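Student: Chain order of the listed sequences is R and W. Counting in this note's numbering, the final residue of the first sequence is number 1183, and the numbers go up one at a time with none missing. Counting in this note's numbering, the final residue of the second sequence is number 1183, and the numbers go up one at a time with none missing.
A few of these clues could be false.
When chains are identical, the list treats them as one kind, so a pair holds in a single copy or across two.
As the list claims (entries may be wrong) - Straight-line alpha carbon distances no greater than 25 Å define the calculated DMTMM-like cross-link-like pairs of lysine to aspartate or glutamate that follow:
#1 1037 - 822
#2 1008 - 972
#3 1037 - 953
#4 1037 - 877
#5 1037 - 833
#6 1135 - 927
#7 723 - 819
#8 1037 - 998
#9 1135 - 726
#10 723 - 895
#11 1060 - 819
#12 778 - 998
#13 1037 - 1085
#14 723 - 1007
#15 778 - 833
#16 1060 - 877
#17 1100 - 960
#18 1037 - 927
#19 723 - 1085
#20 723 - 953
#21 1008 - 797
#22 1037 - 1066
#23 1060 - 816
#24 1135 - 771
By construction, these hints were calculated from the structure, which means they are not laboratory data. The structure displayed is predicted, hence computed values, not measured ones.
Number of protein chains: 2
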Amino acid sequence: MEYALAIQKARDYLAAHEDRILQGLQEFLRIASISTLPAHAQDMERAATYLASRLRELGFPVVKVIPTAGHPLVFADSGPPADNPTALTVMIYGHYDVQPVDPLDQWETPPFEPVIRDDRIYARGASDDKGPVWMHLAALEALRAAVGRLPLRFKLLIEGEEEISSPHLYTYLLEARGELDCDVVVISDTAMYAPGIPSICSGLRGIFAGQIDIIGPAHDLHSGVYGGVVANPIHVLAELLASFHDADGRVNIPGFYDSVRPLSPSEREAWARLPFSETAFCEEIGVPALTGEKGFSPLERMWGRPTLEVNGIWGGFQGEGTKTIIPATAHAKITCRLVPDQDPAKIARLIEEAIASRLPRTVRYRFTVMEGGHPWTTSPEHPYMKAAAAALQECFGAAPVFIRMGGSIPIVSALARQLGKPIVLLGFSLPNERIHAPNEHFHLANMRCGMQALVAYWLRLAAGPVSAE
Amino acid sequence: MEYALAIQKARDYLAAHEDRILQGLQEFLRIASISTLPAHAQDMERAATYLASRLRELGFPVVKVIPTAGHPLVFADSGPPADNPTALTVMIYGHYDVQPVDPLDQWETPPFEPVIRDDRIYARGASDDKGPVWMHLAALEALRAAVGRLPLRFKLLIEGEEEISSPHLYTYLLEARGELDCDVVVISDTAMYAPGIPSICSGLRGIFAGQIDIIGPAHDLHSGVYGGVVANPIHVLAELLASFHDADGRVNIPGFYDSVRPLSPSEREAWARLPFSETAFCEEIGVPALTGEKGFSPLERMWGRPTLEVNGIWGGFQGEGTKTIIPATAHAKITCRLVPDQDPAKIARLIEEAIASRLPRTVRYRFTVMEGGHPWTTSPEHPYMKAAAAALQECFGAAPVFIRMGGSIPIVSALARQLGKPIVLLGFSLPNERIHAPNEHFHLANMRCGMQALVAYWLRLAAGPVSAE
Chain R
715 MEYALAIQKA RDYLAAHEDR ILQGLQEFLR IASISTLPAH AQDMERAATY LASRLRELGF
775 PVVKVIPTAG HPLVFADSGP PADNPTALTV MIYGHYDVQP VDPLDQWETP PFEPVIRDDR
835 IYARGASDDK GPVWMHLAAL EALRAAVGRL PLRFKLLIEG EEEISSPHLY TYLLEARGEL
895 DCDVVVISDT AMYAPGIPSI CSGLRGIFAG QIDIIGPAHD LHSGVYGGVV ANPIHVLAEL
955 LASFHDADGR VNIPGFYDSV RPLSPSEREA WARLPFSETA FCEEIGVPAL TGEKGFSPLE
1015 RMWGRPTLEV NGIWGGFQGE GTKTIIPATA HAKITCRLVP DQDPAKIARL IEEAIASRLP
1075 RTVRYRFTVM EGGHPWTTSP EHPYMKAAAA ALQECFGAAP VFIRMGGSIP IVSALARQLG
1135 KPIVLLGFSL PNERIHAPNE HFHLANMRCG MQALVAYWLR LAAGPVSAE
Chain W
715 MEYALAIQKA RDYLAAHEDR ILQGLQEFLR IASISTLPAH AQDMERAATY LASRLRELGF
775 PVVKVIPTAG HPLVFADSGP PADNPTALTV MIYGHYDVQP VDPLDQWETP PFEPVIRDDR
835 IYARGASDDK GPVWMHLAAL EALRAAVGRL PLRFKLLIEG EEEISSPHLY TYLLEARGEL
895 DCDVVVISDT AMYAPGIPSI CSGLRGIFAG QIDIIGPAHD LHSGVYGGVV ANPIHVLAEL
955 LASFHDADGR VNIPGFYDSV RPLSPSEREA WARLPFSETA FCEEIGVPAL TGEKGFSPLE
1015 RMWGRPTLEV NGIWGGFQGE GTKTIIPATA HAKITCRLVP DQDPAKIARL IEEAIASRLP
1075 RTVRYRFTVM EGGHPWTTSP EHPYMKAAAA ALQECFGAAP VFIRMGGSIP IVSALARQLG
1135 KPIVLLGFSL PNERIHAPNE HFHLANMRCG MQALVAYWLR LAAGPVSAE
């Protein structure tokens, strides 16, 4: 069948069945699958079962609800197309769990009673990630309706613990390695750069997290009696933290930038072309002005350069009024965002060396490494990326952009490292859809264009050949 | 009567009546007069009434339990000696309230069941300040027994709110100004420098307390998404706090030292002669080494030089694990210890100016002035001090030392400023008697010598003439 005709048929199918598709999504959204709250354990089961039954309706011969020590995983495999046993295999990853809903009183309508207003669907999980997961199911249905079969092999891996850092997915990745074989992983759990700008995310920063404890006197001391002779752990910590950046906003840890791969001129040019209003950005987050590393634009600093942030600090008295003490200890939580080819373990070592060399001998210290995650990038030039870009261009009627995210999605680098396959982050949410916050919603216009783009993407991959990197 | 005979009579009297005196003190210590706990309001009344009845037994014609909006004050006035209407008036200040007793399980014997072990009396309040108050009452009784009358006019002002910053005493000082007229105020609520070294405290540091709030984005931001462009309030605060001291340990606030009166060579020499082991001091408080302002000894830094300490710091995430945020705010509590002639209000202004000039324009800030107290010193050369020193020398058999305290006793500078009279801080406690902690105790040997010294002091003042400064 001709590509253009197939696209048109899928488009017509999606339009004709939109009400049913949205009803199915609303039913999915009604399940309060909050992974972090033990009281919702049954809802987690219900959401997984609901997804599984939907996948069976779609004709997947293999559909499993896989128990874990936490919430179940849903896995489905369409098997290879009957007429093409060597067709490419696409793995679609997503998650059915959602964030808690407090503060409840700030929701205009209840979080688990989805409603459609202004062509947006409002509910917890609408944008992150039940809406996008549902798009994938609907796109597969439309694809099958348009061409009579699935022209690629599809595997779906939908987990229930993404919002709590996927503690049991990693075990599964190791155990079920064979089952997960594929040619490309596609994930719709990121956002478009802005309304009207279809986007593919080509990079995520990695992370290193640690804690610094400065240990002073055996117990809190009276700051009147002892003030003037005892090193105050808060002073020591403040000086140490202040030493972590230089006057140009660079991280002042020897060797920190050694493995940083410079941004390519083409990437910098592409990012420079993206609309970005520093004034509007400042207003949105409520700061008088931006700061950061000299010589780089804000997008470059957020997406392509490493950072060291203190995420929390505490020590001594925090109550009302005054308590005149020199505290026994002071503490800071730090995280670094890492870019290729920085290694979390090496960064931990460099930081510890800096701490050890900078602290005075008047205190003791402890440095605890808490977590690490590798940065991830993929080339916009990769054939799977180019095919996705062409599909987006076609269905959104606008040139897609390759963006990065400053955050880390540990599961992406884990999947990349475990499966050794390219990952395409094809996001249809918008940055202001209030994920993790009251009044989360999802724009139906992007859902419609997105479903079409997914069908177009699969048709393009089926027309192949696509050679892996 | 001859001085030597009077002293001997008083000594004999105190020895003969020691059991009764200690029984009375034990009864006083049995009253759980914890000023900060509302559940003990009745105990506060009982303690005040107990003191008042004891003062009436001593023959004071004026004894009042004065209600306040908080706990009552006890005031007594002996009136002038019948044979000497122009005798000096001595005001004795003390307090009958005590600190809470937790952690209760660390007491070897219950805090309100006083026991005598190893010639020490153990109970909450034994050293701070019921024991010393009781010494004064017993010394007056012995004085009267020895010479047949009180040869000076005595006023006693014993409050019940010292441990909670004397909130209602200040009002009373203003209202009862006339009633409080005196020539000298004597307070026994400080410690001796060390066992065997009778001490007079000739100076207290003042205090300035404030809070610094650094205000960044409107709410916590994701440190992955925004890291690299938004000024982190914790970083800004750390840099500000680090800027408050220079490499020589001096407070780096322009003008901070302008009003600091240099220590006199005689005072520095006297302090240099005091026994002080830096090693033992470090071991006691559990630090590897001391720190502080270059060019001054530890005692000089604690007693005679001003400080700026951060007493508490907080911002962002303090829980288990990691939360990847750039916090909206960061906060620090600071106090300065001040020495003559620094003024708390001026210090507040200088600090605020330094903050304003040092903070980047990427954040906002708030600076809150919380409390202030003037430093206080008196000259060891003052006749009231010399008479006290002579009495100590005589009864302890060792040369007394003039020490200072690094802490602040706001009531001392308040009394000094309100009454305009010299204050003699004649302390009989020891530094390690665990005041405010489990197993508080008071050494009976110092109590005995101290009661004799008080009698000797009053006899010396009665022999006068003593000219005020």
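Student: Quick check: which numbered hints come out false for this structure?
Tutor: Of the numbered hints given earlier, those the structure breaks are 1, 5, 6, 7, 9, 10, 11, 12, 14, 15, 16, 17, 19, 20, 21, 23 and 24, listed in rising order.
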